[in-house]
Amino acid sequence: MSMKIVLARVDKRLLHATVTLNCDPFLNADYVAVVGSEYDNDPFIVSVMQLCLPKTMKVKILTEEGLLDFLNQNDSPRTTTVLVIFKDLASVRESVKRGFHVDEIQMPYPTLSVASKNLADYFSEEELADIEYIQKQNIRFYFQTTPFQAKDYGSFCK
Amino acid sequence: MIIDSVFKEFINVVRENKNYTIGLLNGEGDVVDCSDAALIGGHRDISSPDPYNLYYPVKAKNFDYGYLWLNGKDENLSLMGNLISDSLNIRLTYEITQSTLKQNITEDDRLVKLLLDDESFDMNRILGLIEEMGFDQTRSRVAIYIVNEQGFDNRKIAKLKLMPEGEGNLCSLLSRYALLIFKAVPENLENQQMKSYIGKFLRMLKDLDVTGDGYWIGSVQRKLRNYKESYRHCLWLKDNEKESRDKIVWFMDFLYDYFMSEIRLNDVRDVFDYYHDFGKDTDIDELIQIADSLLSNNFNISQTAESLYLHKNTLVYKLKKYEESFHIDIRGDFKGRFLFVLISASLKEYRKRRRVGEEL
Chain A
0 MSMKIVLARV
10 DKRLLHATVT
20 LNCDPFLNAD
30 YVAVVGSEYD
40 NDPFIVSVMQ
50 LCLPKTMKVK
60 ILTEEGLLDF
70 LNQNDSPRTT
80 TVLVIFKDLA
90 SVRESVKRGF
100 HVDEIQMPYP
110 TLSVASKNLA
120 DYFSEEELAD
130 IEYIQKQNIR
140 FYFQTTPFQA
150 KDYGSFCK
Chain B
0 MIIDSVFKEF
10 INVVRENKNY
20 TIGLLNGEGD
30 VVDCSDAALI
40 GGHRDISSPD
50 PYNLYYPVKA
60 KNFDYGYLWL
70 NGKDENLSLM
80 GNLISDSLNI
90 RLTYEITQST
100 LKQNITEDDR
110 LVKLLLDDES
120 FDMNRILGLI
130 EEMGFDQTRS
140 RVAIYIVNEQ
150 GFDNRKIAKL
160 KLMPEGEGNL
170 CSLLSRYALL
180 IFKAVPENLE
190 NQQMKSYIGK
200 FLRMLKDLDV
210 TGDGYWIGSV
220 QRKLRNYKES
230 YRHCLWLKDN
240 EKESRDKIVW
250 FMDFLYDYFM
260 SEIRLNDVRD
270 VFDYYHDFGK
280 DTDIDELIQI
290 ADSLLSNNFN
300 ISQTAESLYL
310 HKNTLVYKLK
320 KYEESFHIDI
330 RGDFKGRFLF
340 VLISASLKEY
350 RKRRRVGEEL
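Residue numbers (numbering that gives the first Met the number 0), protein chains in the order written: chain A, 0 to 157; chain B, 0 to 359.
I should point out that these hints are in silico values taken from the structure, not numbers from a laboratory.
What you were told as hints is all true, and nothing was included just to trick you.
From the derived model, a few chain B residues whose C-beta atoms are all more than 10 Å from chain A:
1) Asp108
2) Asn123
3) Thr137
4) Glu148
5) Asp212
6) Phe253
7) Val270
8) Phe271
9) Tyr308
10) Tyr316
11) Lys319
12) Arg352
Listed below are the simulated BS3-like cross-link pairs for lysine-lysine, each with C-alpha atoms no more than 25 Å apart in a straight line:
13) B/Lys205 - A/Lys3
14) B/Lys222 - B/Lys160
15) B/Lys246 - B/Lys194
16) B/Lys60 - A/Lys54
17) A/Lys57 - B/Lys7
18) B/Lys7 - A/Lys59
19) B/Lys58 - A/Lys11
20) A/Lys135 - A/Lys11
21) B/Lys194 - A/Lys150
Selected chain A positions facing chain B (Cβ under 7 Å, derived; list incomplete):
22) Phe43
23) Ser46
24) Leu50
25) Cys51
Built from N, CA and C at the ideal position, the CB exists for glycine as well.
For reference, chain A alone in the conformation it holds in the complex (with noise of 0.2 Å):
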């Protein structure tokens, strides 16, 4: 029928980041589609990085391209659930780029505490400017680590 994004990430760790989601309902997703990898040519190494995770649940290692051709084709009849992991904020805005939307994204924080720092302590220019791009798409932004972490917007909106 349809994809359904239950949680998008920008997380450098990859798939690895789904130890600190491990407690996450929104795991419950059909695939874990991870955008941004320079591995997703080695099937090698996607073999074993789908190891992390048990085989009921799919991993797709995918180009920012490869991310939108994978959830506009589904020939599911229910409809399937997705977590994305990006790489990168460079990452998520050339798939914003080509047509990807979601509601928000969620970023680990940088540190324990970012309630009294500036963004701007946290991330390049580049990123910043990634990160106002992305916005203007009308998608927010909110740190949260872990499941059991309230949702910061408040530091995206200074």
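Following the hints, complete the assembly by docking chain B onto the known chain A.
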């Protein structure tokens, strides 16, 4: 052990690539499993890695599973070693978490079953299990009964246990469609504070996608023996408050209705039947309406008359007639008022049964 089955999966994948051999070593360096079966039983010197043999500790949730051994002549051996090692440790963490969750929920199920057991409530078994689980029995708890007609996802319920808000709670799927949570609550909360506290918890459940078609909140209980009463109060609400779909229904809002429902109204009717037969011309519907209105107006005659659009004297006249018929003092005596409400409730029940065609 979890490591055995997980490592077999890794072996199967690595066997597809002839450049590498992986093995699982125990703490002493003995090969306990390997993608090359001929090497099982051999020994490796963990403290002396070389460009062709790398060793990585296998550790998950503070438990040591030995070492991962990677052998190969590939220039990317180190990169591959890190990848396989990370994947193995992450997978083990995942499997242990899942296993712990299942164990937790099973223990909760067992305890809830014992607590709700009406026929053979066994406090010794309950206390034994509580000690085993490390369950804090000194806390007060309230039953939350949630029904979802589509059925609950067991995995989401299990994961609820890991949330900070899940701490101290007992959580059990009584069936695919019914979830019972004994929620730990702070002491001495006022009614409104309690609603706010539980409401926040239910919003957290919704965030977890644990939603229901109805939510029934029982009475707060401290004694383990009374937990089933809190659950029973939820069931009473579900059966008696029909307008509760998609709403949160609080037992404490229906105490009066609950206790009225616990009174054997047939007894009341039997007691007053003789008098009632005398007043054959009594309009039952009107009597019930007047009793309900008196109750909601704290038996204030003027306010009751106003809400019924009656002149005060007309209402007094009707009340006098009831007083004469049933030999009770409705206007001046608390006991008389109470009995009048009981008579009304018994007549309400009588009317309901007559409407469904029961022979009376």
